[in-house]
Each structure stands twice: as C-alpha cells, then as structure tokens.
Amino acid sequence: MATWAAARVEEAVVAQPRPKPRVVKRERHVRGGVLSIAIVAALLAGVVATNVAVLRLNIKLDHLSQERADLRAQNAQLSSQLSSAASAPRIQKLAAKRLGWQQATSDQTTYFKLPK
Amino acid sequence: VTVNRHVNRRIRLFLAVLVFAFAGLLLRATWLQSVRAESLSALGSTQHRESVTLPAGRGTIYDRVGLELALGERATTVYANPMQIVDPRRAALAVERTLGVDANRLYPILADRTKGFVYVARQADPAQAAALQRMKLPGFGFYPEERRNYPQRSVAAQVLGYVGTDGNGLSGLELQFDKELAGRAGKETVVKDPSGQVIDVQNEQPEISGKNVYLTLDHSIQANAEEVLRETVHKWSAKSASAIVLDPRTGAILAMATEPGYDANRFPSVPTDLQRNRTITDTYEPGSTFKLMTVAGALSERIVSPTTRFTLPYQLHVADRIIHDAEERGTVNYSVAQILAHSSNIGAITLAEMLGRTRLSSWISRFGFGRTTGVDFPGESPGIVLPPDKWSGSTIGNVPIGQGIAVTPVQMAAAYAAIANRGVWSRPHLVDHVGGGGRPSLNHRRLVAPRIAKQLMMMLKDVVAEGTGTYAAMPGYQVAGKTGTAQKPDASGGYATGRYVASFVGIVPASRPRFVILVTVDEPRGAIWGGVVAAPAFQQIARFDLQYLEVPPDAAPAH
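Line by line, the protein sequences are chains W and D. If you read the first sequence in my numbering, its first letter stands for residue 1, the second for the next number, and so on. If you read the second sequence in my numbering, its first letter stands for residue 1, the second for the next number, and so on.
No lab work stands behind these hints: they were computed from the structure. Only a predicted model underlies this, so the values are computations on that prediction, with no experimental measurement involved. A few of these clues could be false.
What the hints assert, rightly or not - In silico BS3-like links for lysine-lysine, alpha-carbon gap of 27 Å or less:
#, chain 1, residue 1, chain 2, residue 2
1, D, K115, W, K93
2, D, K390, D, K488
3, D, K136, W, K60
4, D, K136, D, K211
5, D, K239, D, K454
6, D, K211, D, K235
7, W, K97, D, K488
8, D, K192, D, K211
9, W, K60, D, K488
10, W, K60, D, K179
11, D, K390, D, K235
12, D, K179, D, K136
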C-alpha cells in the first residue's frame, strides 16, 4: 500500500524531467534574440546600403546632368559653326574665289516643261 | 572588506560621473534640438542646401530653309566676393591671363572690400572660365548663362534685333517674340556634402525651353539683297539704302535689307541709328511710285480708262504752287497708261483733280497708307497722311504725286503686292510659324477689282518696257514696276536742295508674279533718279531671286 511519502517520491520521480523544457525555452529565446538581432542588423545594413546606393545614384545623376549640359552646349556651338559654314552666300563666295565658279545667269539656264 | 569598499566607492563614483556626463549630454542635446533647433537647422541648410536657377534655353530663330539665324550658346559668368579675396593683385592678374580682362581695371574692383559681390566677366567663354576655376582662387564664383549668337553675322541683323546680357529680347524679332523664345527658367534645390559634392537633387520646377521661331526670310535672298544694296550705296555714295522682297501671293517677306548693316554679334558697340529696320520704322516721301494709287482710284471710280487721253501742259498752277513735270517738254497728249509710263506729274494731278480730295483720300486709306500694316515687327510706323479736312489748296497738287505724304517701304511694297495679287492685299509678315504651332491666319482684303489690277499691271509693264524704268528690264522675264524720285523735306517745312530718295518698286515675272521688290536709296550722289539709281539694284536682286527659286521665264522657248 502506498504511503503519502511514497507517493511524493513517485511524484518527484515523475516530475524530474520538467527542467528540460526550461532549457529548451531559454535556448529558443537566445536563438530568437540572435535571429532578431540578425534581422535588425540585416535591415539596418539594407537601409544603409540603399542610402549609399541612392547617394551614388544622385552623384551619378549630377554628373550626368552636368554632362548633358556640356553636350547641349557643344551641340549649340556645333550648330552655330554648321550654320555659318552652310550659309549659301559663303559657299558661293568660296566657290568663286577658290574654284573660279560663277553663278549661272537666267539666260544661261534652260527650263524644261515635263509632260503630265 | 576595506579593499572591496574602496572598489565599490570608485565604481559608484565612476557611475556618478557617467550619469552626470550623460545628463549633461542629454541636456545639451535637448537644448540644441529644441531651443536652438530652428537657427541651427537654417544654418545647416545654408551650408549644404543650395537653391539653383535652371536657365531655360532660348529658342532658335530659323530662316525659310531651316538655317539658324539666331541661337543660344552656353557661356559662364564669373563673379567675385572682394571680402573673401586674399590677394586682389594676384587674382586680377590671373583673370587677365585667363579671360583677357584688363588687370588694371579689375584690381580696384577686387580690392574694394566694402562690396560682397562684383561681376568679373559676364558671359565669358566657358573654356577660359574653366581655366580660371581650376586655379581655385578664393572668393571667385561661376555660374552658367546663355549667350545669344548670330552665326550669319550681318545677315538680317536689323530684322533679328538682339538680346541683352540678361537674356531679354531688346529689339527686332527678338523683342517681338520674346515671350515665345524665352521659355521659363526652372528651379531646383541641391544638397551638397562638406566637400561641395552634390549628393541629392530635389527638383522643384523643371525649366521649359523657349519655342523656336521659323521665319519667311531666306538667308540667301537676304544676303544677296544686302550685297546689292552695299554696292549701290558705294556706287552712288548714298547715305543708306533699303530693300524688301515680298511674295505677293501670301505677303511673306523673303528679304528685308538695310544698308549700312552691322554684325549682329556686336550690337552693343553699334550706333543705334544703324540698328533701325528702316523698311518698317522709317517713313519717306514716296514720289512717283505713289502715282499708282491715284491711277488705281481713277480707274476704279470709272472716271477714266487706260486709253483715256489728256492734253497736258508742261506746268500747272495749283493754288499758290506751280508744278511741272520732271523733264522740260512741250504740251503732250498722253493716255492714262502713258501718264504712268512717263511718270507725268501734271497727268497724275489732273486725274486727282477729277477724283476730288475725298475720293482720293479714301483710296489712299484703302491701300493702307496712314495706318500700320500689322507686320510682325515692333515699332512699325503708320506713316503720315493728312485727313481730307486738313488739306490745303495745294495738297491736291502734292499728294497724287507722292509729296506731302510719308509712307514706310513695307506699306508701299504691300500696296504693289496687292496689284500683283489680282487686287487682293495680304498682310506682310516675317514669321511663318512659332514652335509646333500652326501658321497664323493670313489677313487678306480686296483693294481693287481683278480687271483694274490687270489694267494697272499692263501699265506698269509699259513703265519698264518704254518708260522711266527700262534699267529694271531683264531678258526672258516680263517686269512691271514704277520709278520714284522724291525730294527730301527739310526741318523748315520746305524741301532740301540736292537731297533725294530714289526708289523703284517692281513685280516679276509680270505674267505670274512671284516677287515684289522695292528698293529705296537715300541721298544718292551723281544721279538722283529712281530709274537710274534704284532700278538697276532691283534688276540685280530680281535676277538672283528668279534663278535661286528656279522661276521659269515668261516666254520659255519650247524644247
């Protein structure tokens, strides 16, 4: 017949494995903490990396807009030079001076009427 | 135990120091972030944020064939803060070496420490400015600006006008179309790091470039007209000369030339007198070219026909004046056509007297004299035309022959263009269209019946074939036109001795008019007659234009 004391011993024997889940829980907490720290760190690193990337892109954008302004300026300058060079009176003068060419007069020009 | 107590005391002391230090830092942080937050934030903003104006590119002005007549080029404006300049002498010498600015002139400006901003060079060459920037002189600043460039230099300089250093149109088409050409400047805020490197751009308002303006002018026709006028001014030692080449079918102005001209890129140093587009802003007494209006009125009112004949004495009394024809002759019997061909003053006055002052005045107004044509150019003069109630007794002897009346060359060219265009007047214009927009509506109105216009064209052909304008004739093409020689008025209300305006207005080819060309020569010497001075210039301009635009002759031989 079991006594109260024996029953307590039995209970104690049965209750013995209980501390084990506490260790598991603590380990889980530690792992969870490490994981959260890692996630936060990763997020922070991501934010920093994004900011750095944005910064780099902004710097690149600034360089590109400066380059665009330079190219536009060069384009305008070239257009101006082209306009001066392509001027018909200038070409006519050069043709007369360098090649001795003369513009044909109206009586030296023949017009043909094409049949419809 | 004693040792432990000492250690604990030190730890506590250290803790207390730390607590005090952190408390101090916390208080300081609170102070900075609350009480001084606004002022520090403003100070920080000025150090790393900068508001930049983005200049809008000014639109380009193109001619009829798409050649650039005016366009914007980048330039760099260099400024300085004399308060920050350490060595003004060295700085002035550096500027002289790179930008070519006189160091002696610049030194006192840079040495004046009472000023915080001075211009060193406006719109300098970007490469030269960059060379100065590389020297990293303290107190110097640089910003980009646009400089207007006229690559054709003197071609159409008076028509194009110019742009001031601040980029605003100040004269000519640059002024007329300033709103369209200018565009709208943008603004952006840039964030810089301590080294001045832009790390963020916050666009607030992007710039809107100006619209391009496309003209009806043709640079080849314009340059040729200017060349011909240059030779004419030189040949006749004239004061100046003007020419207009107009397409009578549309009113499009192909050339508008004034000599002497100037290089449009050097406008600030050019006398204002030369900068005027005289064909629009200046008036002159037209002389005999005005007789066409008198004849047109008389024909339209059915008072006469081209064949109606008149016996005309050499001279005529009109009120207190004696008026005679240009060349001494006996009494003649001229038809209306001959009156025009021989440019008879007596004949024109006879027709005017038949018309009467009211009807003549109404015809003058109908042809557009006394009011602006509406040409798209600033400062157009309406001319001077007396209303009929202010005419004196002798006015009927002056006005029909183009005296006592002042017109602009563009008014006269438009009036002749109406005759060439079968009696329909078109508003003369210089701009074909702006930007991507459509063409502005052309203003047309009928002046005379097609029959009358045809009769007038026949008479004008006679002027060139056998009248006063024979020097305007050219092989292969029929030319219609009228000569004019007008004495210039003087300050006392009379006419100046020996000062004339010689002119010729021609239409070519007369069978299918493509050009109306007006040439005026101011104060020629050696010869004064429109038929001698201006008609050959017309012929030279017309010959080039016909060839250039490949206009076949009137009577082309069959091949």
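Hints and how they fare:
1. D:K115 <-> W:K93: violated (52 Å)
2. D:K390 <-> D:K488: holds (22 Å)
3. D:K136 <-> W:K60: Given that 27 Å is the threshold and the Cα spacing comes to 23 Å, the pair holds.
4. D:K136 <-> D:K211: The given pair, whose Cα atoms are some 38 Å apart, is violated under the 27 Å limit.
5. D:K239 <-> D:K454: violated (36 Å)
6. D:K211 <-> D:K235: violated (42 Å)
7. W:K97 <-> D:K488: violated (41 Å)
8. D:K192 <-> D:K211: Distance ~33 Å between K192 (chain D) and K211 (chain D) Cα, so the pair is violated.
9. W:K60 <-> D:K488: Distance ~68 Å between K60 (chain W) and K488 (chain D) Cα, so the pair is violated.
10. W:K60 <-> D:K179: violated (34 Å)
11. D:K390 <-> D:K235: violated (41 Å)
12. D:K179 <-> D:K136: Since the Cα atoms of K179 (chain D) and K136 (chain D) sit roughly 38 Å apart, the hinted pair is violated (cutoff 27 Å).
In the structure shown, a violation is registered for the earlier hints numbered 1, 4, 5, 6, 7, 8, 9, 10, 11, 12, in ascending order.
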